[in-house]
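Sequence lines, in order, name chains A and B.
Residue 5 in numbering that gives the first Met the number 0 is what sits at position 6 of the first sequence, and the numbering runs on without skipping anything.
Residue 95 in numbering that gives the first Met the number 0 is what sits at position 96 of the second sequence, and the numbering runs on without skipping anything.
If you are wondering where the hints come from, they were derived from the structure by calculation, not from laboratory data.
Computed from a predicted structure; not experimentally measured.
Worth double-checking, as some hints may not be accurate.
Since the list gives no way to pick out one identical chain from another, each pair is judged satisfied if it fits inside one copy or across any two copies.
In the DMTMM-like style, the derived pairs of lysine to aspartate or glutamate whose C-alpha atoms are separated by at most 25 Å in a straight line are [what the hints assert, rightly or not]:
no., residue 1, residue 2
1, Lys130, Glu8
2, Lys130, Asp77
3, Lys27, Glu46
4, Lys130, Asp78
5, Lys27, Glu49
Number of protein chains: 2
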Amino acid sequence: MFASTSRPELIPIGVVESPLTDMASAPKQGYEGAPDAWLVFEPAVLEGLEGLRAGDQVILLTWLDRARRDVLRVHPRDDVRNPMQGVFNTRSADRPNPIGLHQVEIVEIDAPRMRVRNLEAVDGTPVLDVKPVIRQTP
Amino acid sequence: MFASTSRPELIPIGVVESPLTDMASAPKQGYEGAPDAWLVFEPAVLEGLEGLRAGDQVILLTWLDRARRDVLRVHPRDDVRNPMQGVFNTRSADRPNPIGLHQVEIVEIDAPRMRVRNLEAVDGTPVLDVKPVIRQTP
Numbered sequence: 000m001f002a003s004t005s006r007p008e009l010i011p012i013g014v015v016e017s018p019l020t021d022m023a024s025a026p027k028q029g030y031e032g033a034p035d036a037w038l039v040f041e042p043a044v045l046e047g048l049e050g051l052r053a054g055d056q057v058i059l060l061t062w063l064d065r066a067r068r069d070v071l072r073v074h075p076r077d078d079v080r081n082p083m084q085g086v087f088n089t090r091s092a093d094r095p096n097p098i099g100l101h102q103v104e105i106v107e108i109d110a111p112r113m114r115v116r117n118l119e120a121v122d123g124t125p126v127l128d129v130k131p132v133i134r135q136t137p
Numbered sequence: 000m001f002a003s004t005s006r007p008e009l010i011p012i013g014v015v016e017s018p019l020t021d022m023a024s025a026p027k028q029g030y031e032g033a034p035d036a037w038l039v040f041e042p043a044v045l046e047g048l049e050g051l052r053a054g055d056q057v058i059l060l061t062w063l064d065r066a067r068r069d070v071l072r073v074h075p076r077d078d079v080r081n082p083m084q085g086v087f088n089t090r091s092a093d094r095p096n097p098i099g100l101h102q103v104e105i106v107e108i109d110a111p112r113m114r115v116r117n118l119e120a121v122d123g124t125p126v127l128d129v130k131p132v133i134r135q136t137p
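Generate the whole structure from the sequences, applying the supplied hints.
Laid out in structure tokens, this is it:
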């Protein structure tokens with residue numbers, strides 16, 4: 000399924016199933032009252048989940064496919080009272096490469112499905128990657 | 000330069016300039032003795048940097064263009080004494096979508112260049128995104 004290539008083309012490894020369907024009404028950040036969601040992984044990548052367990056904190060990367068890529072300045076949090084900022088100084092979904100970063104807790108794994116806590120991504124959002132949270136130990 | 004499209008194709012917004020040239024000898028994580036590096040941004044995205052300042056902590060997303068995308072299980076930290084794990088339970092560069100996540104401090108901005116502290120990405124690595132570190136305030 001995956002070619003060993005360095006071309007910057009993304010391959011969705013799964014998709015978000017969520018009760019959130021509308022970006023405008025979704026929370027801006029997961030800790031702001033977002034619901035649980037399911038991630039449904041492609042059969043071809045299931046081996047890559049080996050070792051992950053309920054209770055683990057992971058960083059989920061998604062492709063925010065409803066975002067605008069031609070925007071470089073925004074009012075943070077879509078609030079016109081906030082002065083315009085460069086998108087790289089905000090967490091706006093609108094940006095040249097709309098990759099979403101979400102720290103979530105794994106609640107349950109029932110391959111190819113994984114339930115996670117507090118995910119603000121909307122239903123149908125493609126999943127790009129899962130990484131463990133690193134704790135720096137000196 | 001940027002079309003308003005949702006196709007999952009990445010557009011490098013800049014490139015890493017670093018004394019690190021060899022992945023094998025680069026530190027695994029930035030806090031493990033990585034050097035300072037320069038990010039050189041594309042002129043078309045400079046407006047997006049507005050508001051960022053020296054001293055800010057940011058999350059840098061890169062495209063790890065030397066990674067293998069057809070690998071789903073690895074020995075963590077390339078050490079065969081570590082039992083094989085799914086790549087999504089590791090920070091291995093080898094994974095279906097080799098996006099690097101790096102938390103760095105901005106040391107100096109001299110547009111289109113930005114110097115950052117402790118970056119383990121090697122010279123020539125494409126830059127995809129910069130996001131501020133969020134501090135959760137209840």
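field: Copy assignment of Lys130 with Asp77, given that the CA separation must stay at most 25 Å
entry: Cα proximity of Lys130 and Asp77: across copies only (16 Å, versus 29 Å in one copy).
task: Pop the pair Lys130 and Asp78 into one bin, within, between, both or neither, using alpha-carbon distances up to 25 Å.
output: Close across copies (18 Å), not inside one copy (31 Å); limit 25 Å.
message: When Cα atoms must be at most 25 Å apart, do Lys27 and Glu49 count as within-copy, between-copy, both, or neither?
response: Between copies, since 21 Å is at most 25 Å while 31 Å is not.
task: Classify it for me, Lys130 with Glu8: is the Cα-Cα distance of at most 25 Å met within a copy, between copies, both or neither?
output: Both: 19 Å inside a chain and 21 Å across chains, each within 25 Å.
query: How would you label the pair Lys27, Glu46 (within, between, both, or neither) given a Cα cut-off of 25 Å?
result: For Lys27 and Glu46, only the inter-copy Cα distance (23 Å) is at most 25 Å; the intra-copy one is 32 Å.
Hint violations for this structure: none, all hints satisfied.
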